[in-house]
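J.: These are the residues of each chain, in order.
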Amino acid sequence: MALDENGAGPQDILLEIRDLKTHFALDEGTVRAVDGVDLDVRRRQVVGVVGESGCGKSMTAMSIMRLIPPPGQIVEGEIRFHRQFDDRTDAKDIVDLAQFESNDRQLRDIRGNQISMVFQEPMTALSPVRTVGKQITEAILLHQDVNKAEARDIAIETLARVKMPNPEQRFDDYPFQLSGGMRQRAVIAMALACRPQLLIADEPTTALDVTTEAQILDLMRELQAEYDMSILYITHNLGVVAEMAEDVVVMYMGKVVERTDVDSIFYNPKHPYTKGLLNSIPRLEDVLQDKREKLNAIEGMVPSPYQRLQGCSFHPRCPDFMPGVCDEAEPQLIQLDEGHAVRCHLYT
Amino acid sequence: MTVYIIQRVMRMIPLLFLLSLVAFLIIQLPPGDYLTEHINALRASGRDVDEAEVERLMKQYALDRPMHVQYLTWLQNILLKGSFGQSFQWGRPVKEVIGDKMALTFLLAILTTVFVWTVSVPIGIYVSVRQYTFTDYLFTMIGFVGLAVPGFLLAMVVMYFSFAWFGLKVGGLFSPEFELQPWSIAKFQNMLTRIWVPVLILGIGGTAHIIRIMRATMLDELRKQYVTVARSKGLSEFAVLMNYPVRIAINPLISSLGFLLPWIISGGTVVEIVLNLPTAAVVLYRSLLSQDMFLAGSIILLVGTLALVGSLLADIALAAVDPRIRFGSVEEM
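In the order they appear, the protein sequences are chains A and B. For the first sequence, the working numbering gives the first residue as 1, with consecutive numbering after it. For the second sequence, the working numbering gives the first residue as 1001, with consecutive numbering after it.
Please keep in mind that the hints were generated in silico from the structure rather than gathered at the bench.
Dumping the calculated BS3-like pairs for lysine-lysine here, alpha-carbon to alpha-carbon at most 30 Å:
| # | chain 1 | residue 1 | chain 2 | residue 2 |
| --- | --- | --- | --- | --- |
| 1 | A | K21 | B | K1224 |
| 2 | A | K148 | B | K1224 |
| 3 | A | K21 | A | K92 |
Let's have the full structure, built from the sequences with the hints guiding it.
T.: Right, here's the structure in full:
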């Protein structure tokens, strides 16, 4: 993997999200699915986004793609994409994806071309009535200046790259003729066919069995290096984060609560929520030494999405809760040291 | 695909025999038959009955024999001689009576379907992507009115207003001067200028119905992940809709195409009587009233056969557009 931890200058930035707010105005109230997210992705970097279900990690991804289901809407913030041109020269052009209408032409030129996405469920990500090949070549024909035969060659080559067995035969197969793992390979091939600069992966292995999951993770790491792309990897699985990501963003109730590199997350977590998440992973040695019988869970429940808590949104569940502080003022994201930020009153 | 078609055709053969049995039983169920009625009427009026003629008819149709012999004779005549028997009421062979009426009914069914589809499929798609907006509610309301107003009432209203406002008499399929003429290009053109009225009236109910079906299946499909995936490729919204959810949402409609003809026959009879159309439905209705058994039986048999053939074609069409049926593996999704 191409790491450039120290040499990373501002020119290496690929995606900057600033104060992104995506809200759903429902009859029952406003759901603040994404509530002020700041997030950076550098070129050739894998950023992991972790959090419980409903923390807004998927909606952050959908906001970047501008595919938020109605009535969701970006109400504030910027999503600055530093687009490199197809010739891969240094010339860049910065576009704010949050500015467009979701069906805008310019946006559609980027979508599926420079930014593409791999989804959670390979079983339902493909239309059952069109061949795998058709669904892949569609994006190639749309974004590249090639004819059908050339698009077919590109698609088959991409299928081979994602290690699809017999890519030429699979090209004419229908999705239901493929296994789950093969389908996810097809979906990844579909996303990679136009050589994106940013790949958003929303729990791409959650629906797969463990063996297949390991294969797909290996594959994605290889492809990241091979295609020189950045990956925004969304998952609830900390094990996957440890394996995939260089930087990790922890989200809770629509906000980023901690942001740092992957080692600090595991060895030096700061936010009580991050600590709680890590603590809830069962450890094999503990079980073997009879140290622990029950799983450690974070106390309490995620509050109702309609509720807007005063102060820190984690305070009702927080073991380090400070009355009069945490339930009063909302904590800001505090820069602890280079590359480690946390949103918690403990560090003010 | 070939295997599928062969299987499907084989399955149709026992159904056809069952159909012929049912058609035959239906015409046998009421007591008496047209021939005895006819003879009785003649006798009652004191006229002479040609015994030899009665004898010949009795023999030809095995009317004096047990039921199963009658059935076999009837079937044999149809299959071997292509003879559907004699219409006693019209005094002509059944084939002559219903030939062009079946053709007209078929034409009417096809035109009505074309009309219904071209109107309701685009509207159904449109309202599904505009769910709970003003347009959606508007078309839903129009749709329910269309479903609720009986066709014959609509037919009478249209007839009244076209006569009162434009002095047009829209009943029938032909202008009076063409009514009794043999088929010609001029007669056909004349029919085309008039056929839109029954097509419109017969189609209204179906249009409302198909808008509802299309909207419901589209709403189901639009929620599925493959639609979002298609959007994520950068396709335009129109391309996404046409290539993804519509491709699947249209399938239930294709499979319903086979029931077109029975629908026109059974649902449109009253409208066709009001509009004075020479269709098979009207002939069937009259033949049932007068117990013209061979005529009624033949129409039921023909319409049933066409319905079976229709659903065969619809199934083949469905297999052509939906690979899951072609490969015999319909799974979750």
